[in-house]
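A.B. asks: Here is what each chain is made of, one letter per residue.
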Amino acid sequence: MADLGPLIPRNRDIHPVPYDPGYKTSVARSPSQPLLSMESGASEETGPTFGHGTFGALDNNLIMNFSKGTAPAIGERILMHGKVLDERGRGVPNTLVEIWQANAGGRYRHKKDGYLAPLDPNFGGCGRTLTDDEGNYQFLTIRPGAYPWPNRGNDWRPMHIHISVFGHSFGQRLITQMYFQGDPLIDLCPIAATIKNRSQLDRLVAPLDMSNSRPLDFLAYKFDIVLRGRRQTMFENKLEGM
Amino acid sequence: MVQPLDIHEETPSQTAGPYVHIGLMPSFAGIPDVYENQLGESPIADGAKGEVIEIVGSIYDGTGWAMRDALFESWQADASGKFAGQDGADPNVSGYCRFAADGETGEYTLKTVKPGSIAGRGGQVHAPHISLWIVARGINIGLQTRIYFEDEDNSNDPLLSRIEQRQRVDTLIAKKTAYGKYRFDVRLQGEGETVFLDI
Ligand SMILES: [Fe+2]
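Chains as they are written, first to last, in the UniProt record's numbering: chain A, 1 to 242; chain B, 1 to 199.
Derived by calculation from the structure, the hints in this document are not laboratory data. Please note that the accuracy of each hint is not assured.
Footprint (simulated), chain B over chain A, 3 or more residues, beta carbon under 8 angstroms [what the hints assert, rightly or not]:
#: 1; region: 12-20
#: 2; region: 34-44
#: 3; region: 72-82
#: 4; region: 130-141
#: 5; region: 182-188
#: 6; region: 198-212
#: 7; region: 215-221
All residues carry an ideal CB built from backbone N, CA and C; glycine is no exception.
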C-alpha cells in the first residue's frame, strides 16, 4: 500500500485547554504531565471502516428514527448538514458521523439526566450516517433545547448537538459540539469557554443556511468539520523504497 | 505579505459530556433498538487467530475516584501485526471496539486477541500494543494512550523508549493476572499518572 505519510501533528492551541477551573469537572480529569509527542505510525494512520449495509434508512433522521417511522418528534424541524474535510481541504468520503442531543425541551434520554423537562416519547436523540463520495453528510432533527447543568450556581448549556467523527485514521478521531448562530448562551457557557481562542470557538457555531432550508418544512444549519490531514513524504518514501 | 497556505485548521474539540453513550453506545444508555446494530461491539469474530485475552481495568480521576462515565475506543492489529484492510489481515479481526466503564463499579472489560508486533517506517518494530482513546465529561479533548503487555518484549519499542522518566513506562503496561487475563488501569492525573500521547 502506498505510504500516504504521517498525520500532521495536532495544533493544540486551537483546541480547548484540558484544565479549566470554570468547567469544574475538568479540574480532576485533566493530565498534569505533558503529553508524549511522537510521529504517527500504522496504529494511528489506519482505522476502522463501516459498510453502507450497516446503516438503516432512518439512522440519520432523528425526527423519525426512535419511533421507527411511526410518529415525529416534537420540536423545530432542522436540517443539519455539512462536509467533512481534512486539513488539505479534501473531502473525506465514506466516514462515520454520529450525533446525539437533548430533545426540544433540553432533556436527554439517559438514565443520568433528571432534568424536569419531559422526555418526548418519539425522540431518542441519536443519529448516524456515512459521508458521501465528496464528504457531505446530513441529518434531519429537531433543534435541541438549552438546559441547566450542575457546575457554578446557574450555568446553562447553549443549544448544541454533539458530533463524533472518525476519518480514515484512528489518530483523526474527534468529538466536538455544534452551536447555533445567535444563541446568547454561547458567551456564558464554561464548556464553550474552554476554547480560549474566540475565532476558534466561532468555528463551532453553525450559521442559518436559508439556501438549504425547505419551504414549509425545515430550516437548515451548516456545519463543516475539518479532520487532521497527512504530511507529504515524497523524499522519505524514495529512501525507504530502496 | 506572503502567499496564503492552502491549509485548513482542524475543528476544535469539545468534551463528549456525560451523555456520550446515547450517541456512541445507545443500548448502554438505555436506547436498545434505535439502530439495527451497534458499532464496535467486538474487535474479533469467531475464528480470529491468536490468543484470546481479556483486559480489565478502571480509570481514576485526580482524586482517585474510579470514573463511572468514561467511554473507550480501542484499535489494534491482528495476531500477525496487520490492521484490518491491510494485505493478509485476519478477516475475523476488525480490531476496533467501543466499551464503557460500568455505571456501578467503574470497571471496563475488553475481550480481544493479543495483537502482534507492528512494522513501522524506517524498519522500526513496535511491540504489541492496543491503541486506546478515552472520552468523558470533563475531558475536553479525547485522550490517546496505548496498552502494552508485561509478558512481551517491550525493550526496543520506539514509543516506550521515548519516555524519559523510566518509572512512567510502567503506566502503559498491562499486568498479567491469570492465563489470558490482564489488568490495565488508567490514572488521569497525579501519582502514577498514565502517559498520554500526542501522536
Ligand atoms: Fe450536551
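A.B. asks: Which constraints among the numbered hints does this structure fail? Numbers only, ascending.
C.D. replies: Structure breaks hints 3, 4, 5, 7.
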